[in-house]
Every structure is written in structure tokens, then in C-alpha cells.
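Q: Got chain A; can you put chains B and C on it based on the hints?
Chains as they are written, first to last, in the numbering used here: chain A, 1 to 358; chain B, 359 to 652; chain C, 653 to 915.
You may find that some hints are simply not true.
Said to hold, decoys possible - Which chain C residues face chain B? A few, computed with CB under 8 angstroms, are given here:
(1) V681
(2) Y877
(3) A892
(4) S899
Bear in mind the hints are in silico, worked out from the structure with no lab data behind them.
On a predicted model such as this, the values are computed, not experimentally measured, just so you know.
All C-beta atoms in this analysis are idealised placements derived from N, C-alpha and C, irrespective of residue type, glycine included.
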Amino acid sequence: MTSERVLLGVEAVTKRFGTVTAVDAVSLAIRENEFFALLGPSGCGKTTLLRMLAGFETPNEGRILLDGRDISAVPPNRRPVNLMFQSYALFPHMSVRANIAYGLEMERLPKDEIRARTDAIMATTQLSAMADRRPDQLSGGQRQRVALARALVKRPRLLLLDEPLGALDKKLRGAMQLELKRLQHEVGITFIMVTHDQEEALVMADRIAVLRDGHLLQCGTPNEIYERPSGRFVADFIGVTNFIPGRAAPGGVAAASGLLVRGARPQGLADGAEAWAAVRPERLSLFPGPQAENRTTGIVEATAYHGLDLQVHVRTALAASPLLVRVTAEQAERRPVAPGDTVEIGWAAADTRIFAKD
Amino acid sequence: MAVRLVPSRSTVLMAPALAWLTALMVVPCVLVLALAFFRRGIYGGVDYTFTLENFAAVVDPLYAGIFLNSARIAGLATLIAVVVGYAAAYAIAAAPRHRQPLYLFLAVLPFWSNYLIRTYAWIVLLNREGLLTQLLRWVGYTGELPSLLYTEGAVIAGLVYNYLPFVVLACYAPLARLNPELREASRDLGGSAFTTFRRITLPLTLPGVAAGAVFVFVLSIGNFVTPALLGGGRFQMIGNLVYDQFLAANDWPFGAALAMALIAIMMLLLMLQAFAATRAEGRQSPDRGEAAHG
Amino acid sequence: MAERSAATRRSLGVVLALVFAFLYIPIGVLIALSFNEGGLPTVWSGFSLKWYGSLASNGQILSAALNTLIVALASTAIATALGTLLAIGVEIRRRRGRALEALIFAPMIIPDIVLAIALLSFFSILNVTMGLHTIMLAHVVFNIAFVCAVVRARLKSFDWSVVEASTDLGATALTTFRRITLPMIAPAVIAGALLAFTLSVDEFIIAFFTAGAGRASTTLPMQIYAMIRFGVTPELNALATLVIAVSVTALALSQRINRTIAT
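Here chain A stands alone, though its shape is the one from the complex:
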């Protein structure tokens, strides 16, 4: 569904506010029909980047290319790019229909066409029944759909979404994640979404760019980002990871206690340099089989039941904080553990990721 054609090129874009550099030399290539996510904690520059794409901020350096044309200096009302605001920014004095038609009126389209396109998008977004209501008479989910319809009806080359699900409650969010993805598929428009919610990004996006302090840390598919994080920050931000501090040693990282955590070392990490060994909780196993190159014993400190799985906190000599082990409910039933038990844990060397200390 994603073509290889690059729709939007962000080339070494930098934006400074006074002495603060909000976006620092970020480069991205976003493809036609892609669902792309800009992910990062608040203050990472993702929203500033999005606002530059929409035209509300001008980059200090670098270029923004849409279909190969530099649009850095084009004002927002002249860009074939639309933004769905985090607050939705629905016009409170206009009906749903008037809100949606507004953008088409700006294009001075014939009345019939405006009517037809407004009706069509309201049908797609299931808003036809509330065409004459005002925004304050709608629920949160309905407002979100109006905001989406208002932007989509203009058939932009690119739709920008600023925390599109941020204002919804948790249950509604899950349903809307799939709904948004379905809609994007249906209308065939490239989406760029800003979010601080890593789970949302993993579920919805075709590709994710992780930002921190204005820098682009990693860009890749959800699977790449989760399985092969480029650094400690990404590994920590996406999902849950156990970190074991130590120094790089032949074959892995030597923990403070002297135990060697086996794993592939990244290039350029010298022996003796401070480093982190990281391993996902679901890669750890209690009662490990013979294939686990890394193994140690520890004492179960606490267990927490999470429905499908059991999270076991095991204190070991490897790290100051206990390691988190995720055990399926089925496994837990077969070989139950309780706080105070001494257990052996282990994992394959291939599941260890090693990062230089930054």
C-alpha cells in the first residue's frame, strides 16, 4: 500500500526559538500513502516539526520539499497540506457542515461541489446525522471526526495529525486507532502523526521517527524500532527494557558484579568502555533451557498479575534494580513462583542489545 515514491522531503531542517534549538538538523523522507509517526516525549521538537510542515513556523535552516518543490516559505493557506489540531480547533460558532465546508469555500469552489463533497465526507466519517449541530453539542469522539473530516475534505497531499487521539479517553482511543488507520487506507492520503504515546505509534504507523531534544534518533518500521533500537533512549522509550550497567568486555558486557552478559557488541565500543546491556522482559525466561547463553540466579521480590501475563521482579547480582521477567499466564500456572523463591533466569545472547553509555 505504500509506494516507494518520496512525497515529502525534510532536509536538514533546523528551528531555533531564541537560544533554544527546538529542531536540530532533522532529515526525513516520507513516502506516498505512508502512515508516518513522529514519536517522542514532550519538548522533543515533534510538534515544532509538524508546525513547520503545516506552515505555521519557518525553518531557520534546511528545506521542506513537497513533490520535489521547496515549500518552506509558502504560507499555510497556500499549501496542499492540512493539519488536524490537537484541540481540534473546531469553529464554535459554525455547524458541523459549515466547519467542514469552510475549507472548500476558501477554494471558491461551486456551491454544488462543496455540498457534494461535504456530504460525501460526512458519510465516510459517519457525521451525516449531526450535520447541523454545533461543536459544543458533540461528544469527544464526534468532534475528533469533524476535525478529521474538515481536513480530509480538502483532499490534501499530506494530512498532519497533532496527537489525534490525545483528547479521547482510553477506551475510545483503542477503537479510533483502528478507525483512523482504516480511513487513511480508504482515502489514500499520506498521514503524518505526532504522538508521545509509543503504543499508539507502534499500532498505527507504517514507519516511526523517534525524536529527542530536537534530534532524530531513529527512523524505521515499528518492528525495527522495537527489536533493534539504536540506543538506550529508544530502547527505554519504546516498550519495557531491563538495563544492566557495566563495561564492555570480550563477548559482551561485564556487569558490576563481574558476571559477563553475553551479546553482540556494537562497532566502535572499546573494551573497558562504560556500556549498557539491555534485554526485553519477554525474552527472559525463568527455568531457562540449554540454549540460553546468559543465566544467573536471583530471588523473586514481587509478582504482578496483568491478565495475559505475569510480571516477576527478580533481584539478581547483575543490576541494582530487579530484573523484570514476563511470563505467560500458562507458564506461570505450570510452574508457579512466589516472592522469596530462588529462581534461575536466562536468555539467549542474540536477545541482548548493547549500547554505549551516552
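A: Chains B and C only, in chain A's frame:
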């Protein structure tokens, strides 16, 4: 909310102030209302026989003319003050956020100096040897100068000057409250700066401005100091008429009826404004995504 | 904030500059002329403080200023006490009717001339001899409303659980008010008092109607009104400058004190 406090405690705390307001505001106002229904005594004073002739006199062509004239002057002053005040408030709201409090303070500061002195400042400016005259002389104008003081223009200038800070404040509040993303959304959807102002900013802020305009109009139409000082007594407004009935003509019942008319105008305009604002209700909600109905 | 075009920003700056010029030039001219040496009110002839000196020896002005001070201090003291209690009473009340809100709000929006003639009629019919005391009684009316408004604004963000905590720790209602509530709202009370003082010092219309006959109860604004009717004088310029200075100082003080609690 301290729901656990004994409810009667709040009554005890409010009692002294409410008693004061009742004795020295509610009762006197009711009294004036009552006065309007009595006859004027032969030697001034009040003859306590019921009549409606005072209200008839209010709509008598002679006084109705004064009413209309003061309404015209007050309306003109209000219009100018609202247009200028809105522009100023818009400029303040568009300034960098950290500068806005200073600008607002500077705009409102003159409001806190004495009303008489602010009016007097215009006498200094406009009198026969005032700054404006000297300025005209300085640029080489030697001809006969029309009197600037004691004109309708002077009265209007004085009213605008006195109430402009109030209008700026009244206009700033809805402009500052307006979610800036609404303007951005309009731009994003292809609206030009002017279209955005006409279709988004103006309709969303006007109801808030209306309340300020009503007050300026009522304060202007009931004003007697400005017409007396800058109009030189040549331009009677309702305030002057009331003043005369109480301190010169000694026709208190008629003065009371005029005051009631003033209050009635204010109430009517405020009700109209409230009605318009209710219809626009919700439009001012910051629109930060809370669901209105689940 | 969306970036406005440079041309728009420039024209908005010009609007603001023009409005400030309109607001400040008349007052500025007045203040400048108060330091004018010459007797001609509008022709500059050198810097001098002599008109301030002549103010100090003008008995009428001094007695009017004293009257104003008496009225303002008394009405501020009473209005601050009553207005603060009113604000607390209103805010701890569970149900607040529209009539109550209207009654508290009315003194702020009622045209001065209406309240003035109402009080004049009231005092005359009751055969009350009018003077400084009636002006003071009248000023308390609108000052209550303003003090109440300032204190209520503070109480909106007041954490009432501290009052409950104090009661829980064994304090009586009075002790709680004295040791907890009052110190916490003190900046708003002081700000309200300063506002009331300024309003009372500047008030003309109501004082004019409720002062009764005779010069003995002339307040400063009444004196100024009489002087303005007489014409432009350098002495009046000096007096006006002083009054502006006092009002602005009181207002700035009030703002500063009230801001300390907002942060």
C-alpha cells in the same frame, strides 16, 4: 467548596454588608422610583399625589429631543471608542505574550486617574490658547481658528478619551481568550488573514465586546460632567437634565423619572446583550476537547 | 501563535502607538505645564515648582484634601471589613441566588448619577443633615462591591481544606479566621482596600450630591470641579498632577500586592 460549614455562618458573614447595601442603595433607589410617580410640589419639594405625568414628560417632544440628541452623542462616542478600542486590544493580544500585561496596564492606567482631571486635560488641550491651537499656529496657519472647546466634537472626544481604556479591557478579554488554534485552523484550511478575521475572530469576540459597549453607552448618556465642562453647558445630555431637576429646577419627581428612564435603557440594552451572548454561548468555550455530552 | 506577516505586525504596532499617544498626550501636557514657571497656563517659560508651593499655602485646597482623606479612610476601613466578610460569606455559601449576585454587583454598574440622586432624596426625606458623614456612608456602598470582588477573586482559588484542617486541629472558628484564613487572603484584602481608597479619593458625583450645603464638606474632587469651571490655571495643573500621582501609586501598589498571591 466548604460544604461542611454550617450554612447559617455565611448569612452571618454577609449580613452587615447586605444590610448596608439594602439601607443605602436598595431603599434609596426604590424611593426614587416611587418619587417618579408623585407630583412636584408648588415650591419645589414633593406633593404626594399619584401621577404618571412625569413619565409623560420624559417622552414629551422637548425632552425626547434631548434624549435622542444625547443618545446620538453617546452612540457616536461608543462607536468610536469600540472601533479604536478593539483595534488597540487586537494589537495588544497580538503582541508577544510577555509584553501583553505591560501594554494592557499602560492602556488602562489613565482610567485610574481622576475623571475630572482627565476631562480637564482636554480643556488644557483644546482651549483658545491650547496646544492644538498653538500647533496650528506653528505650522503657519494664521487665519481665524474655530473654537475647539465647547463643541459637540469636544464632548465626544472627552467621552471617548474617558472610556477608551475600559473598552480596551472589555475587548482584550475575549480576544485573549480566543483559542489561537482557531485562527491557525482557518489559515490551514486556506483562509486569508482578512477572511480569517472576518469569519472567525470577529464573530467569536463581538458578543464579549457588546457588554463593554453597553456600559460605555449608558455611562455616556448619563454623564453630566463632560457635557458641562467640554460642552460648556450647550449640549444637554440626560445626565445634565437629571442634575438640573435636582440641583437647579427642584423638580425631583421629574428628575427621578428621567433617572428611571436611564436605568430602563441600561437594563434593556444589557438584556439584549445577554440574549445575544446566550445565543452565542458555548461559542466562547475554549474548545479544548472535553466532551459536552459524554 | 501563528506568525503574522511583517506588514500586519507593523500596522498593529502603529495602531498601538497612536492609541497610547491619544491616551497619554493630554495628561502629559497637563503634567508638563504644572512645572511651567509663567502664569500663562499654556505658554512654556521655564521650569519651576512654584505652583506646587502655592498649593501648599491654599487653605481651601488643603481643607478639601483633608476632607477627602477623612472620607476615604473611613469609607475604606468600613468597606474593607464588610466587603471581606461578604466575600467569604458568599464564597462558602452553597447556593447563590441570582438576586444575591445582582445585589452585590449592582453598586459597580449603577450609573453614579442615579445613586447620587437616590441618596440625596433618601437623606432629605429622612431629614438627615448632610456632610462628610453622608458622603462616607455613600462611598461605602460602592467600595463594598469592589473590595468584595477583589477578595472573591482570590477566594476562587482558595483551598478550603486548610480551614477544615485548622478546625480539625482544635481551633475555634475565630482563631481559624485570624490565624489561617485572613493571613492567606491578606494581599487581596489590602489590594481591595487600596482600590477602595483610590475610588473614594477620586469620586465626584455622589459626593457632590450628598455633601449638603456649605463649604465645610467640600472634597478635593468638588474643589477641582469648581476650579475647572473657573478655567485653566497653573495651580490647577499642579493639583491635577499630584492627584494623578497619588492614584497611580495606589493602583500600582494594589496590583503589585495582588500579584504576589497569584504566583
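Q: The structure should be examined with respect to each hint, and the outcome stated for every one.
A: Hint check results:
1. V681: holds (5 angstroms)
2. Y877: The hint holds - Y877(C) has a Cβ within 8 angstroms of chain B, the shortest such distance being about 6 angstroms.
3. A892: holds (4 angstroms)
4. S899: This hint holds: S899(C) lies near chain B, its Cβ roughly 5 angstroms from the closest one there, short of 8 angstroms.
This entry satisfies every hint, going by the numbered hints stated previously.
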